[in-house]
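Student: Below are the chains, spelled out letter by letter.
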Amino acid sequence: MSTSPRIENPAQHLPVVGEIAAAVNRVNEEGVLPKELVTLVGLRVGQLVGSSYFTARQLGEAEDTPERLGAVATWRTSPYFTEAERAALALTEAVHTPNPTGERVSDELFDEAAKHFSDKELVVLTGVLGQIGYFIPLALIGSPKVGVSFAEQWQK
Amino acid sequence: MSATTPRFPNPGSLVPAVNDATKVLYQATGNGSIPRATISLVQLRIGQIFQSEYLTTLQVNILRGIGETEERIGAVADWKDAAVFDDAERAALALAEAVFTESPTGQRVTDEVYAEAAKHYDEEGLVTLATVIGQIGFFVPLAVIGQPIPGTSPSKQWRQ
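Residue numbers (this note's numbering), protein chains in the order written: chain A, 1 to 156; chain B, 157 to 316.
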């Protein structure tokens with residue numbers, strides 16, 4: 001199993017990668033969503049796609065308690081999250097979980113999220129998931145080093 | 157299931173940063189290292205994996221527009237058994253599918269899948285391919301959560 005980078009600095013091969021990263025990283029620039037929530041959903045996506053790179057990155061930047069961060073993987077049975085956080089985690093999980101018999105994000109899930117978030121907050125949450133969605137293939141294909149700085153992560 | 161009812165208003169109007177990201181992403185993959193048809197075949201497959209009628213309609217229309225046959229368009233969903241794709245296209249489809257398919261016992265993109273892709277694409281091509289996949293990775297949540305109306309113009313596809 002590969003844990004060393006397969007590709008050297010992607011932005012060197014495709015300079016627009018840096019521009020895209022900067023653009024997608026601005027989706028929550030106004031701070032519409034609390035940083036804690038953004039970290040929770042980012043961490044959950046990293047777990048769902050099996051990326052140590054993402055989970056280490058989210059944990060390294062997290063400003064939350066070890067109890068809550070550790071409980072993200074089993075959030076459904078955890079008492080540590082608010083109803084809004086649970087709705088956001090449910091939405092996150094639905095996007096990344098195959099559903100052979102219907103749509104991934106059901107009306108019920110969306111309606112539950114809409115009880116806790118405004119339209120604008122929902123769009124930012126969706127944008128945050130998209131932000132990670134953009135980086136997933138780079139991480140899973142390129143296999144950057146885990147737990148080092150952005151400058152070092154692509155050094156073979 | 158309400159497959160054609162958009163759940164939120166135009167996201168770019170509510171959050172301009174989403175619009176800006178969309179614009180940059182659309183300019184990203186036209187460097188010529190990945191054939192136009194391969195880009196849309198891969199993006200169609202991702203739309204299928206996420207069961208997004210919006211994304212599949214968009215890519216089918218693009219593929220028809222560039223003269224792809226119905227036979228090749230129709231074969232994308234079961235490309236592994238299809239004879240109509242060349243080895244480079246198959247490697248690109250395998251990479252996209254690996255990124256978005258659960259792998260409970262290992263990493264999603266194995267060294268084997270990566271090595272096969274690396275036979276057909278140089279590093280610029282592989283990074284471009286990752287961006288082609290990532291472009292849709294950005295749009296998947298917008299499509300499956302926001303549920304825009306398939307096959308309409310961007311100004312009409314969201315809740316009015």
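No wet-lab data here; the hints were simulated from the structure. Computed from a predicted model, the values in this text were never measured in an experiment. Even for Gly, the Cβ is constructed at its ideal location relative to N, Cα and C. Where hints are given, some of them may not hold.
Computed list of lysine to any residue pairs in SDA-like fashion (alpha-carbon distance at most 20 Å, straight line) [claimed, not checked]: (1) 120/A to 236/B; (2) 179/B to 156/A; (3) 145/A to 266/B; (4) 156/A to 175/B; (5) 115/A to 162/B; (6) 120/A to 266/B; (7) 120/A to 182/B; (8) 236/B to 266/B.
Cβ-to-Cβ under 10 Å is the rule here; a few derived chain B residues that face chain A [to be verified]: (9) 305; (10) 308; (11) 311.
Over 12 Å on every C-beta distance to chain A, these chain B residues come out as not near it, computed from the model [stated by the list, open to error]: (12) 168; (13) 176; (14) 213; (15) 225; (16) 234; (17) 235; (18) 236; (19) 238; (20) 264; (21) 280; (22) 294; (23) 300; (24) 309; (25) 310.
Student: Evaluate each hint against the coordinates.
Tutor: Against the structure, the hints:
no.: 1; hint: 120/A to 236/B; in the structure: violated (41 Å)
no.: 2; hint: 179/B to 156/A; in the structure: violated (32 Å)
no.: 3; hint: 145/A to 266/B; in the structure: holds (16 Å)
no.: 4; hint: 156/A to 175/B; in the structure: violated (35 Å)
no.: 5; hint: 115/A to 162/B; in the structure: holds (17 Å)
no.: 6; hint: 120/A to 266/B; in the structure: violated (38 Å)
no.: 7; hint: 120/A to 182/B; in the structure: violated (23 Å)
no.: 8; hint: 236/B to 266/B; in the structure: holds (17 Å)
no.: 9; hint: 305; in the structure: violated (14 Å)
no.: 10; hint: 308; in the structure: violated (19 Å)
no.: 11; hint: 311; in the structure: violated (16 Å)
no.: 12; hint: 168; in the structure: violated (9 Å)
no.: 13; hint: 176; in the structure: violated (5 Å)
no.: 14; hint: 213; in the structure: holds (15 Å)
no.: 15; hint: 225; in the structure: holds (27 Å)
no.: 16; hint: 234; in the structure: holds (15 Å)
no.: 17; hint: 235; in the structure: holds (18 Å)
no.: 18; hint: 236; in the structure: holds (17 Å)
no.: 19; hint: 238; in the structure: holds (21 Å)
no.: 20; hint: 264; in the structure: violated (5 Å)
no.: 21; hint: 280; in the structure: violated (4 Å)
no.: 22; hint: 294; in the structure: violated (4 Å)
no.: 23; hint: 300; in the structure: violated (5 Å)
no.: 24; hint: 309; in the structure: holds (19 Å)
no.: 25; hint: 310; in the structure: holds (15 Å)
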